[in-house]
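Each of the two chains sits in its own frame; use the hints to bring them together as a complex.
If you read the sequences in order, they're chains A and B.
To get the numbering used here, take the position in the first sequence, counting from 1, and add 6.
To get the numbering used here, take the position in the second sequence, counting from 1, and add 9.
Derived from the structure by calculation, the hints contain no laboratory data.
Any given hint could turn out to be false.
Said to hold, decoys possible - Per the computed footprint, the stretches of chain B lying under chain A, defined by three or more beta-carbons under 8 Å from a beta-carbon of chain A, are:
1) 93-106
2) 119-128
3) 171-178
Said to hold, decoys possible - Chain B is nowhere near these chain A residues, computed Cβ spacing over 10 Å in every case:
4) G34
5) S122
6) L125
7) N152
8) V174
9) D220
10) D240
11) D280
12) K301
13) Q350
14) D374
15) Q376
16) D413
17) Q441
18) H459
19) V574
Note that the coordinates shown come from a computational prediction; the quantities given were computed from them, not determined experimentally.
Think of the CB as a built atom: it goes at the ideal place given N, C-alpha and C, for glycine as much as any other residue.
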Amino acid sequence: MKGISYIVPLAVAAGLSWGVSGTTAFAGSVTGYQPVTQDRLDNPGPADWLLYRRTYDGHGDSPLRQINVDNVKDLTPVWTFSTGVVEGHEAPPMVNNGVMFVTTPGDQVLALDAASGDLLWRYAPKLPEDLFQLHPTNRGVAFWGNNLYLATTDSRLIALDAKTGKVVWEATVGDYHHGEYMTLEPLVVNGKVIIGTSGGEFGVRAYIAAYDADTGKALWKTYTVPSPSEPGGDTWNTDAWKTGGGSVWITGNYDPKRNLAYWGVGNAAPWPGDLHPGDNLYTSSTIALDPDTGKIVAYHQYHQNDSWDWDEVRPPILINMTRDGKTIDALVHPARDGYLWVLQQTDDGIKFISGKPFVYQNAFKSLDPQTGRPTYDLDHKPVVGKTVTFCPSLWGGDDWTSSAYSDETHLVYIPANNNMCGSNEGVDKKLLVGQLWLGVDPSTNKLVPNGQHIGELQAWDPATGKQAWMYPFPNQLFASVLTTAGGLVFVGGTNDRMFRAFDAKTGELLWQQRTNSGIIGMPVAFQVGDTEYIAVQSGWGVDAQRIQNSLAKTSMKLDPDEVPQGGVVWVFAVRHHN
Amino acid sequence: MLGVAYVLAAATRTSLPARADDPPDAARGMLAQVGDQLVAFGSEDGGAPLAVSDIPPHSDVVLAWPLDTARRVARNASRLNLIILMHFDPSSLSGPETARAANGIVAFTAVCSHQACWVTDWLSSKQLLQCPCHQSEYDLRQGGKVVSGPAPRGLAGLPLKVADGKLVVAGPFTDRVGGQKL
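Same shape as in the complex, but just chain B (with noise of 0.2 Å):
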């Protein structure tokens, strides 16, 4: 069921795969592609792809842009792009995110589905990571689904693997990605 629910997700979706003869730009506009692996936010286009180990777990989350393996640069053109990494206990996670976690790493848009703000605090008292902007609050571990707060919709996941150590974009988001239209 999780392989068709792929299927519809990548389906709606409107970015192509990328292309080693697409200008650069282009990458760098495009939300993650399967077959990509990560930088740390911040360390950009010359960051090293993120692997395991540098993922803490039961640590905090950890941003990141997909990398553009072909050309080597960071996809970082838009905000829509930005990543968040968590790592949990392989069998604290439920339902799909079981799935798609590489190690009991999970991925998900850092986007907002309420007005597109990055989902970036971790509330450790709650498990739960929580929006800055009104304060929406999505449980990582099961599937990214909202607890509470004005969010619509969870965060799309992304399913992720591992390859020589490195975390790999093993699948499309699992739902659009960006906020509410005004």
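Chain A on its own, in the form it takes in the complex (with noise of 0.2 Å):
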């Protein structure tokens, strides 16, 4: 980019004063709003952006191609808007016909006019003083007819009418004061609200549950972790499923010819794996669930009685394949435990195909050809008593962070970060309910950095299972990705705050535009009128901030506040040469 001289319109905020609790304020108002179908959450328009990577296979993939690899150099921003909120903002911008809404840290919702960023309302719930809140974050809201449907951090699913910001209904999920919590963005399928629950780190029993999209009444609820008398209970040796996690705060895919929620789940609770006996079902899994019943119809565990905090909580990918000559439905996995996992859906339940380190991994010494089962590296599996040192580090190959599948390149996008090892010491310690409880003593806890960089944005083709390019950053890489049909990349998640677009096939840099804080949020591309608009948020928080605190005290001797935190909304459009 050269010199940059030309005028930007912006939109500034008017200046408004928010109620202090649970209040709605208004701003403007939502015209012409389109109700949301399960049609159009089947066959989402290309304006649009309303599920939570798009569509239900969960490709984060846009075809709009107005903006690509030729004008991109040109994109600049059109609007900002800081929404006031420190913390990690993670939520995609979701819009509906024109209309933005976005979610912060604090649970807060702001609806916007996604072309000149007006504000139109602001709800801002009341959160107990008492709650502590481990993730302050929030990762959006779920759409159906007029409503919008927010999961919060005290544990409450709320109904707002998306064109005023009112509470439509509120139903009480969970209890925080056990350590029960929400950062998700719910999933909606067929007027069901589907959500998952947190608080794994303060050992509760995780479960996916499903609420009345009109009333909120309370559909079906399934645990992650079964009792005894359940399918996968024999795989806990002892009363450790009570407390034994499974946290699911990642939104689920959907396929709708088969009416199957795949889901992924958390790790078993506390840390060292000697503290849960078993394989532990289904923490570290894919589960398929039928939405309407809630009943687990198959899983695939990736690695059993894990030990790393590896959560396999984002759920496959959904791809129709052509491998080995022959057409499958596929669930592609870039997991948290460095291996890229690619199953297949069959009407028998899930079947494995194949894994491979994306990463550099020492925990698995091999993996059984017909199912996938990992053999442990027992010097590399962390256990009470004894520092063990792991690679990845307990945030994985990809943590929490959506890779996106472009149907142009077929290939998968993976923000990944390498030469990033861990070290702990597990301790046995008596759980307090509601204190955090994570079975490692945190004097323990390190980062051990091996390599000359960490970030890592991968492209895979997922069918032949290899790499086509490699982009390296010298630190983390912590952020979602998007993939548009004009042939680009978007991702943020570095520490330098740069919001990047790259060449979808050769993984070229073609633009960067630095941003007021670190982005680990998820970008979306949308179009207004005859105008396609990129926008994601920058706001640095959660655990791109603990990755940067535990660096900060290894040989790289990081600035811990290199990052200033506030979030704002970005939105860029190509900008038109007279």
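The following block contains the structure:
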């Protein structure tokens, strides 16, 4: 980019004062709101972003192509909006027919005119004074009819009127005093709002549950950790299932053809595996649920008896793929355990196809060629009473941040962290209900960088299992990826506060923009009128900051205060040359 | 001077003293009140009020809820109400802690001033109390001051006395209880 001298119209928010609790403030109004139907979720228009990853298959890919490899160098901020909130802004700006809905830490929802940046309303829930938020973030609202659905850190599910921001109904899902909380964007299928619960770090037994979108009535609840009398209950050798974790904190994907919702399940609690002997279903697994009943129809456990804090909480990406001359319904998962897993949906369940490390991984010695079950190198599996080093670190090869799959290039783009190992020593501590319970001595919980760089944006062909290209970053990469039919890959995630666009085919860096803070949020593409826009939140915090703090204590000596906090919504378009 | 500090701190508090005709739920939500006894975390309403002998010297921290003695209910409805107790050699205490302690037993809010996590990890090698969430470290012998980490303020202290062998709250918290707002 050359010296910039042109004038960019920036929408400036009017000076508004907000109520202090549970209030909706109006600055404008939503006119011509377009209700969201099952048909619109099944076949989303190219202009909208109605699901967490735009489509039920989880591709994170936009068919828009006005912004493309040839003109992305002219991508320019059109408007920005300061949220007035610190900590991790992770939510995708959701867009329905020109209206943008953004969530922030503290579970606020902002409705903005997606083209002008005008604030339409702001909802700020009253959160309890005694709430401790281990992960102060929120990952977005879901749509159904005229409502939005918000899952909160004090464990409530709230339906808002999308036109006004007023509460339509509210359901108490869990008890935050016991460490239950929610940060995910709900999944809506056929009028059911499906959520998952967090709190594995507090020894909860997590679950997925559905609520009636119109009334808020609880419909079903399925624990991700079975009791001894349920299928899979025999994979817990002790009473550890009662406090077994299995958190669910990233939105599931959905296969309309089979009517199956695919969810990722977090690690077993607490971290060291010797405190919960057994394979520990369905932790660190993908489960396939019937969204009508919540029944678990199929599953695949990526790794048994987790000891590394490797949540496998992202659902697999559903890809119709030609592999070895055959078309298969594949499930592709770039895992926190550092392996790129390819599975197959079949009428008999989920079948293992392949698993291959995409970052340096020393915990698995081999995989069973039939089932994919790993054999462990016990020297690199954390236990109580001994300091163990393992690769990748607890943040894994790719933590919660979503990969994207381009329908044009047929490549999966993974925001990876390589060369970043970790170490800790497990401790057997009694659970105090409501208190953090990781099972490790915090003074031993360290990062061990072991290479020239850490972050890698990787492009893989899941059909061949080959890496197409890789772009390295000096430090951590911690943000979700967007692809567009313009041949572009967008990602933030670095501590230099950049937002970047790459050529999807070659990995060439085509454009970058420095922002106010670091970007850990998910970028989206949308259209209003005849203009395509790219939107993302910049607002550093939570685990990106924790990695920064940890790397500060290593030979890399990062400045822990390098990245300022404070959220801003950024919206870009290509400036038209006259 | 300490007395003055207490008066100022009390003036900033929002919860009113418990009254016998308050509903139990309101009493459960209140911070420790002057005259409250203490019950061990986990034993709740039915627990015996903690005595000096229940807090072993030079051991680990003990977690407790305030006990509304009028209604015999533990004030356990809010995470902000949790208290930590530690038993030191009285001669090792310094500054304001000397006056607030009872027989060497000191009491503080368990709520970290950073993000309201419970501060529960006693590091015997350092003789400091550490927050497990972001590793702020506090020196309980020196009025709960911050030694390291992101905590912006020390832990609010809670003056104790002993009556009939039981620990009793002798004064209001010395500072605001709770974490930073997001």
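Evaluated hints:
no., hint, result
1, 93-106, "violated (count 0)"
2, 119-128, "holds (count 5)"
3, 171-178, "violated (count 0)"
4, G34, "26 Å, holds"
5, S122, "28 Å, holds"
6, L125, "20 Å, holds"
7, N152, "29 Å, holds"
8, V174, "25 Å, holds"
9, D220, "32 Å, holds"
10, D240, "30 Å, holds"
11, D280, "20 Å, holds"
12, K301, "36 Å, holds"
13, Q350, "41 Å, holds"
14, D374, "37 Å, holds"
15, Q376, "42 Å, holds"
16, D413, "38 Å, holds"
17, Q441, "5 Å, violated"
18, H459, "27 Å, holds"
19, V574, "16 Å, holds"
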